[in-house]
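Enquirer: Okay, here's what each chain looks like letter by letter:
Protein chains: 2
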Amino acid sequence: MTAQAERQDELRTERTKLRRVPDRGAHDFETVARILDAGVYCHVGFVADGQPYVVPTSYGRNGRSVIIHGSAASRMVTTLAQGVPMCLTVTHMDGLVMARSAFHNSMNYRSVLIVGVAEEIPDSEKMDALRVVTEHIMPGRWDETRQPSARELKLTTLLRLAIDEASAKVRSGPPVDEADDYALPVWAGVLPFALQPRPPVADERLAPGIEAPPHVTNYSRPNATAEGSV
Amino acid sequence: MTAQAERQDELRTERTKLRRVPDRGAHDFETVARILDAGVYCHVGFVADGQPYVVPTSYGRNGRSVIIHGSAASRMVTTLAQGVPMCLTVTHMDGLVMARSAFHNSMNYRSVLIVGVAEEIPDSEKMDALRVVTEHIMPGRWDETRQPSARELKLTTLLRLAIDEASAKVRSGPPVDEADDYALPVWAGVLPFALQPRPPVADERLAPGIEAPPHVTNYSRPNATAEGSV
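Read top to bottom, the protein sequences are chains A and B.
Each residue of the first sequence is one higher than the last, beginning at 1 in the working numbering.
Each residue of the second sequence is one higher than the last, beginning at 231 in the working numbering.
Since the hints were derived computationally from the structure, they do not count as laboratory data.
All figures in this text were calculated on a predicted structure; none of them were measured in a lab.
The C-beta atom is built at its ideal place from N, Cα and C for all residues, glycine as well.
Incorrect hints may have been included.
Using 20 Å as the maximum straight-line C-alpha spacing, the simulated DMTMM-like pairs for lysine to aspartate or glutamate come out as follows [unchecked claim]:
id	chain 1	residue 1	chain 2	residue 2
1	B	K247	B	D394
2	A	K17	B	D258
3	B	K384	A	E178
4	A	K154	B	E408
5	A	K154	A	E119
6	B	K247	A	D49
7	A	K17	A	E6
8	B	K384	B	E350
9	B	K247	B	D258
10	B	K384	B	D353
11	B	K384	A	D181
12	B	K384	B	D394
13	A	K126	A	E144
14	A	K154	A	E120
Label pairs and their computed distance ranges (CB to CB) [as the list claims (entries may be wrong)]:
id	chain 1	residue 1	chain 2	residue 2	range
15	B	K247	A	R171	28 to 38 Å
16	A	V117	B	S301	24 to 34 Å
17	B	P452	A	V176	23 to 33 Å
If we take Cβ atoms under 10 Å as the criterion, some of the chain B residues that face chain A in the derived model are [what the hints assert, rightly or not]:
id	residue
18	G313
19	T375
20	V400
21	E434
Same shape as in the complex, but just chain A:
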């Protein structure tokens, strides 16, 4: 393989290769990172007592790994800390694709799926890891707020999942109809969707004279779509 082909297939394994519509997919780190950086929450899959569970949770990307966290008492975190297989998926819903036939209705989206085993982040690195997650979700906020106490760090379990086996899937653009259907007198196109911040709502207990800082009023995510979706 050429170096370029190797990079393209870098995160492709038997478990993450795309079986269907492979032209919608990618296995290179840059595409995966771009989709991860646009998002603030993921869905984590794990198995407990033979039953799969899918739980939403926040995350941050730190180079070639994703960090998640939770109460040391949560089932998700205690299960994952045992080193069981997990899956972490991030999805951005970018639009409803309305075709001339019901069969070809679809959605535009960007998603990433990572499989692997998480490792628990040791105490000495917890502060850094929490900073990564906070700054991923709310860039600029860490330095403006009270940082975690020793007790708070103890109550938090942080997990690191390496981005070694992953796939990205992207659908964009107009509907694809059957050739005969283009003549139908049916409106077709895309209804774009965007997940966007609205005006901030100050805490009622906020002391007078404290204005929302730029990291709140100018909040934006990287790699948004043309429609501004994160």
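Go by the hints and put chain B onto chain A.
Expert: Frame of chain A, contents of chain B only:
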């Protein structure tokens, strides 16, 4: 138990009871249905070769069940059709909760988790089930588009998951800080997020004179938040 308490705990089982922060949770059908109806895509969890996978897909609610579908060739659909345990989760991210301390940053959200085993929908009911999914996602569209051919129905596998074991989780409102931290000179509050439709984009191949119909231009989801999020 009183009738009301029975209704409240109706979908609660050992697998769906909320272990932490139970006051954020509910197990009644109406709360679960309301959150499902606000959404158009879910994350499905299943296990293949010992590895959990979490895959985004569209869905529709039909009374006390959720219908999903996919190509008869997809791994998700073929795995689930075998009757293995699955989990279906819907999440709405309603806002970033910014506290005075990093530890108490949070998110406002509404989510539903359903566990169970899907059953494949027989051929005779496929047309109805596809209509349910289409009308859930794009209300008003089914009757305006070409309906599926026998061949298209054959290419589609539809699955029904009963809403028998489920939980809902909701966080809303301002940050909750430590008593001492309220005196800090830090802005705190909520940055609401909303997933909303943008102006429709007509297919470039649309025949002249076809205007976007009301089900496109007036698109809205039921049970949106005050901020309009779906």
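Enquirer: Next, verify each hint and record whether it holds.
Expert: Here's how the hints hold up against the structure:
For the suggested pair K247 of chain B and D394 of chain B, the alpha carbons sit about 13 Å apart, so the restraint of at most 20 Å is met. Between K17 of chain A and D258 of chain B the CA atoms are separated by roughly 39 Å; this puts the pair beyond 20 Å, and the hint is violated. Restraint check: the Cα-Cα separation between K384 of chain B and E178 of chain A comes to about 16 Å, which is no more than 20 Å; the hinted pair holds. Between K154 of chain A and E408 of chain B the alpha-carbon distance is near 16 Å, which keeps this suggested pair within the 20 Å criterion.
A hinted pair counts as satisfied when its Cα atoms are at most 20 Å apart, and K154 of chain A with E119 of chain A qualifies at roughly 17 Å. For the suggested pair K247 of chain B and D49 of chain A, the alpha carbons sit about 15 Å apart, so the restraint of at most 20 Å is met. The hinted pair formed by K17 of chain A and E6 of chain A meets the criterion: a straight-line CA distance of about 14 Å does not exceed 20 Å. The hinted pair formed by K384 of chain B and E350 of chain B meets the criterion: a straight-line CA distance of about 13 Å does not exceed 20 Å.
As the CA atoms of K247 of chain B and D258 of chain B are separated by approximately 12 Å, the hinted pair is consistent with the 20 Å bound. Our distance criterion of 20 Å between C-alpha atoms is met by K384 of chain B and D353 of chain B, whose separation comes to about 8 Å. Of the supplied pair hints, the one linking K384 of chain B and D181 of chain A holds, its CA atoms being roughly 19 Å apart against a limit of 20 Å. At most 20 Å may separate the alpha-carbon atoms for a hinted pair to count; K384 of chain B and D394 of chain B exceed this at roughly 29 Å.
With a CA separation close to 19 Å, the supplied pair K126 of chain A and E144 of chain A stays within the 20 Å bound. Restraint check for K154 of chain A and E120 of chain A: the C-alpha separation of about 13 Å stays at or below 20 Å, so the hint holds. Separation of K247 of chain B from R171 of chain A is about 37 Å and conforms to the stated range, judged on CB atoms against 28 to 38 Å. Range check, V117 of chain A to S301 of chain B: Cβ separation about 30 Å, and the 24 to 34 Å hint holds.
Distance hint for P452 of chain B and V176 of chain A: a CB-CB separation of about 29 Å, consistent with the stated range 23 to 33 Å. Taking 10 Å as the C-beta contact cut-off toward chain A, the hint placing G313 of chain B at the interface is violated, the least distance being around 13 Å. Among the interface hints, the one on T375 of chain B holds; its C-beta lies about 5 Å from the nearest C-beta in chain A, closer than the 10 Å criterion. Residue-level restraint check for V400 of chain B is violated (minimum Cβ-Cβ distance to chain A is 12 Å; threshold 10 Å).
Because the smallest distance between the Cβ of E434 of chain B and any Cβ of chain A comes to about 7 Å, under 10 Å, the interface hint for this residue holds.
Of the numbered hints given earlier, the model fails hints 2, 12, 18 and 20; all others are met.
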